[in-house]
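S.K.: What follows is each chain in one-letter form.
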Amino acid sequence: MDPDILQYLYVFVLATFLGLEIIRRVSPLLHTPLMSLTNAISAITVVGSIVIAGEQKTTLSTVLGTIAVTASMINIVGGYLITYRMLRMFKKTERKQP
Amino acid sequence: MNENAIHFIYMAAAACFILALKWLSAVPTARRGVITGIIGMLLAVGGTLLKPEIVHGGFHSYQWILVAFVVGTVIGVPMAMMPMTAVPQRTALSHAFGALAAALVGAAEFYLQTPNLTRFTMTALTLEVLLGFLTFTASLMAFGKLQEILPTRPITYRGQNIVNLSLFVVAAVVAITLIFRPGNTNLFLVMSALALLFGVLLIIPIGGADMPTVISLLNSYAGLSACAMGFVLHNHLLIIAGALDGSSGLILSIIMCKAMNRSFTNVLFGGFGQVQVTAAGHEQKTARSATPEEAAALLESANTVMIVPGYGMAVAQAQHAVRELYDVLTKKGVDVKFAIHPVAGRMPGHMNVLLAEADIPYDRLLEMEDANRELPQTDVALVIGANDVTNPAARTNKASPIYGMPILDVDKARTVMVIKRSLNPGFAGIDNELYYMDKTLMLFGDAKSFTNQLVKQLSGNSGFH
Numbered sequence: 000m001d002p003d004i005l006q007y008l009y010v011f012v013l014a015t016f017l018g019l020e021i022i023r024r025v026s027p028l029l030h031t032p033l034m035s036l037t038n039a040i041s042a043i044t045v046v047g048s049i050v051i052a053g054e055q056k057t058t059l060s061t062v063l064g065t066i067a068v069t070a071s072m073i074n075i076v077g078g079y080l081i082t083y084r085m086l087r088m089f090k091k092t093e094r095k096q097p
Numbered sequence: 000m001n002e003n004a005i006h007f008i009y010m011a012a013a014a015c016f017i018l019a020l021k022w023l024s025a026v027p028t029a030r031r032g033v034i035t036g037i038i039g040m041l042l043a044v045g046g047t048l049l050k051p052e053i054v055h056g057g058f059h060s061y062q063w064i065l066v067a068f069v070v071g072t073v074i075g076v077p078m079a080m081m082p083m084t085a086v087p088q089r090t091a092l093s094h095a096f097g098a099l100a101a102a103l104v105g106a107a108e109f110y111l112q113t114p115n116l117t118r119f120t121m122t123a124l125t126l127e128v129l130l131g132f133l134t135f136t137a138s139l140m141a142f143g144k145l146q147e148i149l150p151t152r153p154i155t156y157r158g159q160n161i162v163n164l165s166l167f168v169v170a171a172v173v174a175i176t177l178i179f180r181p182g183n184t185n186l187f188l189v190m191s192a193l194a195l196l197f198g199v200l201l202i203i204p205i206g207g208a209d210m211p212t213v214i215s216l217l218n219s220y221a222g223l224s225a226c227a228m229g230f231v232l233h234n235h236l237l238i239i240a241g242a243l244d245g246s247s248g249l250i251l252s253i254i255m256c257k258a259m260n261r262s263f264t265n266v267l268f269g270g271f272g273q274v275q276v277t278a279a280g281h282e283q284k285t286a287r288s289a290t291p292e293e294a295a296a297l298l299e300s301a302n303t304v305m306i307v308p309g310y311g312m313a314v315a316q317a318q319h320a321v322r323e324l325y326d327v328l329t330k331k332g333v334d335v336k337f338a339i340h341p342v343a344g345r346m347p348g349h350m351n352v353l354l355a356e357a358d359i360p361y362d363r364l365l366e367m368e369d370a371n372r373e374l375p376q377t378d379v380a381l382v383i384g385a386n387d388v389t390n391p392a393a394r395t396n397k398a399s400p401i402y403g404m405p406i407l408d409v410d411k412a413r414t415v416m417v418i419k420r421s422l423n424p425g426f427a428g429i430d431n432e433l434y435y436m437d438k439t440l441m442l443f444g445d446a447k448s449f450t451n452q453l454v455k456q457l458s459g460n461s462g463f464h
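Protein sequence lines, in the order shown, are assigned to chains C and X.
Counted the way numbering that gives the first Met the number 0 counts, the first sequence spans residues 0 to 97.
Counted the way numbering that gives the first Met the number 0 counts, the second sequence spans residues 0 to 464.
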């Protein structure tokens, strides 16, 4: 098998295990922010979209790429912003001075 | 910028994403996590914009990218400003956008490279496009159901599973054929159409109560399609970020399934939440009800109160009234806590963000295990808009469809109060014996207005006005 392919598969397997270990530790309190943050992170599809929209090899690819950049950008901006907004809402009980 | 430098930038971005999720694990470090995630994304986007193949084209290369950035931001900002009650549908919509991006890039790559695609690339590409398109329509359907544009009850018909399954098999066969004939553009169109259709059919039989699992699963699919894109484009950053998202969605779906004592296949093919025709006729059972005055007096004399919120609280927009109740009781020296069931609401953690938005301190929100430890010593358990997650039948009645589901043991508290419009069974159509217990008082009314009346009683009885 092509050594490159094996390398990608290794990265995938290791990243998945790392992800499972990290996510397991996230408090259920924060499961909604977790989902909006991973949503923003998975908008990393922007990387592939930018190349296609930038290279403009064919009209079809340019159109598809531009739509993909737009969709990714919606998730980047919206995802990080709403996660931050949510986390600002989480406050501890104020300890009142006796 | 040269390719090597960009590799290092991508590597730094991957590290940022991992740290971001690690720091999100607890509230004190969570905001740092988001900032780190933003830095990671800026690195990834910045590095990509400086790739030689794009810089080479000058402004011409950037024109559409800039347009897309502006449009994306204009749509993205209002989507981030939605109230917390709308977060489940917002999340479904963003899964749709994420999956669409992956599928479209896959399609663009296919048309650019066909028929010169290796089998490995083609395998990754079909996975990317299949997962991307099916997640796109499935998420849109989930959005429609959550927004109540579409009926939220599961729609089932005879032979539904057979139709879905055979569609899936046909799509898989087309995909495999395509891997061996990467020049066949017609097959590619057929596969895309089947994936889009499959996404729609997958969500039709799913009811509102199953949305937490389904949204988590779609989260996972969107991540995996980004991951497959990484294999197509030979990009490690995409593989890592996609795998992180994929595993996150997977863990959340497993947690949701466990919290409902159901399997994946059961959620996807079970059609839970249909109106269950129970053979047992309506026996005459009596429930005791109480007025706001009586309920307020009981709450006031209690030492400990456990509030159990459910989706009904979100529907009635009662969270701010609940906060006032929390305030007035706390001021009177009552120890008020909240018991949160993992599947309360329409997505994982939904109740927590709703209550946090209403300014209820997060250290008052208890997970199910902790709440169940405290409930037997609790004076009053006040159920607002939750039903099935409090049904003792899950522990005792083997014939019940929810038997075995972990529940909040509110029936163990000294007194139970349930704010509910009527005695009608809840979403799953299962009668709740909690309502007929001797220690239970039914508070009939709308969650918001009844809570407001309680607050009025509690704050108004300090003297004669």
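These are computed hints drawn from the structure, not numbers from a lab.
Any given hint could be a false lead.
Capping the alpha-carbon separation at 30 Å, the derived lysine-lysine pairs in DSBU-like fashion look like this [said to hold, decoys possible]: (1) LYS331(X) with LYS90(C); (2) LYS438(X) with LYS455(X); (3) LYS90(C) with LYS50(X); (4) LYS50(X) with LYS91(C); (5) LYS56(C) with LYS336(X); (6) LYS447(X) with LYS91(C); (7) LYS56(C) with LYS50(X); (8) LYS411(X) with LYS91(C); (9) LYS90(C) with LYS438(X).
S.K.: Would you mind confirming whether the straight-line C-alpha gap from LYS56(C) to LYS336(X) stays at or under 30 Å?
M.R.: It is violated: about 60 Å lies between the C-alpha atoms, which goes past 30 Å.
S.K.: Is the Cα-Cα distance between LYS90(C) and LYS438(X) 30 Å or less?
M.R.: Cα-Cα ~34 Å, so violated.
S.K.: When you check the alpha-carbon spacing of LYS331(X) and LYS90(C), does it fall within 30 Å?
M.R.: holds, 21 Å
S.K.: Does LYS50(X) sit within 30 Å of LYS90(C), going by the straight-line distance between their CA atoms?
M.R.: Since the Cα atoms of LYS90(C) and LYS50(X) sit roughly 43 Å apart, the hinted pair is violated (cutoff 30 Å).
S.K.: For the pair we were handed, LYS50(X) and LYS91(C), check the Cα-Cα distance against 30 Å.
M.R.: Outside the cut-off at roughly 45 Å; violated.
S.K.: Holds or violated: LYS56(C) and LYS50(X), Cα atoms, limit 30 Å.
M.R.: holds, 16 Å
S.K.: Please verify whether LYS411(X) and LYS91(C) have alpha carbons no more than 30 Å apart.
M.R.: holds, 28 Å
S.K.: Between LYS438(X) and LYS455(X), does the CA-CA distance stay at or below 30 Å?
M.R.: holds, 24 Å
S.K.: Do the alpha carbons of LYS447(X) and LYS91(C) lie within 30 Å of each other, as the hint requires?
M.R.: With a Cα-Cα distance of about 25 Å, the restraint between LYS447(X) and LYS91(C) holds, given a limit of 30 Å.
The structure does not agree with the numbered hints 3, 4, 5, 9 stated previously, though it agrees with the rest.
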